[in-house]
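Note that the protein sequences, when read in sequence, are chains A and B. Using this note's numbering, the letters of the first sequence correspond one by one to residues 62 to 525. Using this note's numbering, the letters of the second sequence correspond one by one to residues 62 to 525.
Derived from the structure by calculation, the hints contain no laboratory data. Where hints are given, some of them may not hold.
The list cannot tell twin chains apart, which means a pair is met if one copy fits it or any two copies do.
Under the rule of at most 30 Å between Cα atoms (straight-line distance), these lysine-lysine pairs were calculated in the DSBU-like manner [to be verified]:
1) LYS430 to LYS101
2) LYS195 to LYS480
3) LYS133 to LYS463
4) LYS268 to LYS254
5) LYS195 to LYS447
6) LYS294 to LYS516
7) LYS420 to LYS195
8) LYS431 to LYS195
9) LYS468 to LYS106
10) LYS430 to LYS268
The structure presented is a predicted model; accordingly, all values stated were derived computationally and were not measured.
2 protein chains.
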Amino acid sequence: MLTYSFEEKGPEPLYVYLAHCIKNDIISGTIRPGEKLPSKRAFAKNLGLSVITIENAYGQLLDEGYLYSVEKSGYFAADVKENIRKKKTPVGEENLVLTGGRRQYICDFSSNAIEPSLFPFSVWSRLLRDELSKDRDRLMETPPAGGVYYFREAIASYLREFRNMDVTPQQIIIGGGTEYLLGLLVQLLGFQKTYAVTDPGFEKIGKIYESCGAVCRFLPVEEGGISVSALLKTGADVLHISPSHHYPLGSRISLSRRYELLSWAAEGDRFLIEDDYDSEMRTEGRPLPTLFSIDAGSRVIYMNTFTKTLASTIRISYMVLPEPLVRLFYDRLSFYACTVSNFEQYTLARFLDEGYFEKHLNRCRTYYKKKREALEEVILKSRLGKKGELLKTEAGLHFLLKIYSKKGEERLTAEALEKGVKIVPLSAFYHCKGDEEENVWVLNYSCEKEEALRKGVEILSNLV
Amino acid sequence: MLTYSFEEKGPEPLYVYLAHCIKNDIISGTIRPGEKLPSKRAFAKNLGLSVITIENAYGQLLDEGYLYSVEKSGYFAADVKENIRKKKTPVGEENLVLTGGRRQYICDFSSNAIEPSLFPFSVWSRLLRDELSKDRDRLMETPPAGGVYYFREAIASYLREFRNMDVTPQQIIIGGGTEYLLGLLVQLLGFQKTYAVTDPGFEKIGKIYESCGAVCRFLPVEEGGISVSALLKTGADVLHISPSHHYPLGSRISLSRRYELLSWAAEGDRFLIEDDYDSEMRTEGRPLPTLFSIDAGSRVIYMNTFTKTLASTIRISYMVLPEPLVRLFYDRLSFYACTVSNFEQYTLARFLDEGYFEKHLNRCRTYYKKKREALEEVILKSRLGKKGELLKTEAGLHFLLKIYSKKGEERLTAEALEKGVKIVPLSAFYHCKGDEEENVWVLNYSCEKEEALRKGVEILSNLV
C-alpha cells in the first residue's frame, strides 16, 4: 500500500500535503493511470490519519482531475498524458519595446504630454478623500455603459458654457482614453467602412483604425486645410480630423471648408470625427466653434480628452454622439462596462462642477503662454534665430521650426539625439513620403520645464 | 459703413462683442459673401474704438473662418453656405437602455457583482492618500503599454504564490476590464480567427468577439466539461473557457480534459483563453491549478480581474500572455496607452505588495461562505426545500436551483419579477435553444445582503 512520510510537511493542512504527495506520484507515473487507490479506511489506518483527512485529500484530487471515482468500487488515478513541464524562458527585457518610462533626454521636444507639475494635486486629493469618506455607496454602484451620469452632466454643462455645444448627458460616452473610444466607434460605425486620417498627422490614429480591422486611407493636408475633392478620391466614409488645430501642422479648417465637409458627410452614410484634443490649451483668441455645433445633419462625432488638460496618466476621454448614433450605441454596445473607475469619474465630475477645471485651464494657459514666449525669445536670440525660422502656426502646445543647415534633416536629428535633445522632423509625420517639406522640425514645449527648453535650444544652436 | 451699438454688450471684451456682431451679420446674410469690410482705421474711427480692438475682432473672425484677407486689399466676408441651425431634439431618456444604475429589486439573484460593503475603504484611502502626497512624480509618468511595471511585478508575485504560475511582469498586460482586454486580444490574434465560447455561458463574451469583428461559435458544454470532438466541429482557432469554474453551470474541467484541450491547441495556430474570473472566491478546497501553469506549448492566455475581488466599479483586469504573444504584443500593439489610471495602478500594487489583498480575499471568502450556508439553510427550510432542489455545483458565488412547479419557467420568472425578485432561468444562458434543462434557475448571492436573500427566498416560496 502507498506510504508517505510526513516529515517534510510544512504549515499546510495534512490533507493538502497528502494530496500533493499523491499528485506527484501520479504525475511521475509511480501511480499508473487507472491504478486503484487504497480505500479511505485502509489508507487512513496505514498512515495513522483520520478517514476525514483521506477523504479531503481524495476530494481535492477529484476536483483537480488527478483521480476519478467509480461507484461502489473506489478511487482510481486519472490518465495524465504528459509530465508537467514548466517553460522557463521568460521574455528578456531587451526584446521589448516599452513605451513610456523614465526620461532619458536633456530636452525632449517630441512629447506632447502635458507638464506634470501643473496637476492640481491638493484639490484632487481633497475631492477624492471626500468621495471616499462620504459617498461610498455611489462609488460602488455600477454606472451605465456611457459612464457615471453626474459626470456626463458636468461635461454637458462644461460643453454648453465653453464650447457652445448643446448636448444631453446621454450623448456623452466616457472611456479610458481616446484610443479606446476610437475602437468602440469602429464597432459602432462598422468595419466595412473606410476611415480617412490626415497626412501628415498623428501616426497613432491610423494605426488604431487598422488595428481594429478597418480600412484606413491617408488624406493629404493642403494649404488651407482639407480638400473635399481629395477626400472624395480616398473613397472614405468616415473622416477623422482636428479642425481647430491640426497636429503637427497647427493649421485650422476655415468655416467655409467646414461647411464643405458637413455637406460631404450629409451625402450618404458618412461621418466626421472631430478630435478636439487640445482646444482648451489655445493661448490666443477664443476657441473656434466646433464642427459638432454647426452640424445640422447629425453627422459629427465630437471627441475630447482630459489626458491633455489634466494628466496623461489619468485615462479619461469622452465622445459626444449625434442623436441617431446614441440610439445605435445603446442598442448595440451598452453591454460594455464603462472602462473608467467610478472613483475618478466622481472626482473629476466634482472638479468640473465646482469650477476647479476652469481655474485649472486658466492657470495652464497662462503658464504655457509664458513658456511659449520665453522659448520663442530664447530661439530668436540664439543662432537658431539667424539660421532658422519659427513658422507661423496657430497657438497650440507646439510650433514648427525651420532650420537652414547644410547638415540635412537626418544628420541634424541624429546629432541632436546624441547630445540628449530629441527633435522630430515634420517629414516623420507623413505616411506618404515625397511631397513633405524638409528641414522643418516639430517642437513640442508642453512637458518640458523652461530650463530644459533653454538647454535644448542651446545644444541645437551649437549644432547648426 | 457698418455700425453697431454697444449697449447690449456684456462683461466680455469689446473685440469679442464686436466679432460676435459681425459674425451674426455674416451668418444672417446682412454682410454678403465676398463683401469687403471697412478698413481697420476707418471702422475704428466710425465706432469710436481703438484700431487694436478692430484688429483683434478681425483676427478672431479670420481664425474662425468668417473672414478672409487679401493682401494689400483688406478683409472680406467668407462664403457661409447655410445658416447655422442647431438641432434641438435631445434623445429622450425613455429610449435608452441604461445598464447599471440604482437598485430596483427587493432581491436581485441575477447580478454576479460583489458585495459593495466588503470594499476595503480605509486601507484603500490611506494608500491612495499616501501615493498622492509622497509619490507624485511616478503618478505623472506615462507607463508602458502593458501598465505600471511595479504593479505588474506585484501581480507576478501574487500569481507565483497563490496560483503557482511562474510569469514575468512583461507577460502581464493591464487593462480597463476584461472586456477591453478581449478586444485587444482579437486585434492580437486576428480577426480572421474563429472564436469559440461555451453554450451555456456568459452572453457578453460572445457579444464582445462578434462586436470586435471576429467570428464566434458556440460550443455545447457536456456533462464532464468540454468535448474536443465537438470543439473540432466548430472549426474554432481560439477557445474561451473558465476551466476552474464554468458560469453558470459551476462545473470544472478535469485534468485529463485539460490535457486534451492543450493537445488540441498544440496542433496548429490555436489558442486557449483561460478566463479565471472567480478563482479567488472559491470557498471550498484549494483553487485548481491553471491551464496556463501546465501549458508547455505557449498556447494559453490567462485572464483575471480585480472587478470580482475588489470592486466592479474599479475597472482593473489583466491578462498573462505566453512568450510568443508577448513579442507580438509589443511589436504590434505597444502604441496603445494603458487604459487604467496610474493612481489606481499604484494603489492596487501596494495593496497587493503589502499583503492587504490576501487578507481581503480571506475576509471575502469567510463572508461568502457564511452567506452561502445561511442561504442554503433558508432555502431548505422554506417550501423551496420541498418543491425544489439545490443542484450540486462547485462552490462559487452562485448555485443552481431546480424548482418543481406546474407554473413553468417563464411564468414563475415573471411572477417573481413582479414581486421584486429577479431570477434568471438557466435556459437564458443558452445561445442554441433546444437541449437546455428547464425549471432551473441561476442564483447569484454575492451582491445581496443576507436580509435581502431571506426576503427573496420567502417571496419565491410563496409563488411555487
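Tell me the hint numbers this structure goes against, listed in increasing order.
Per hint list: 2, 5, 6, 9 and 10 violated.
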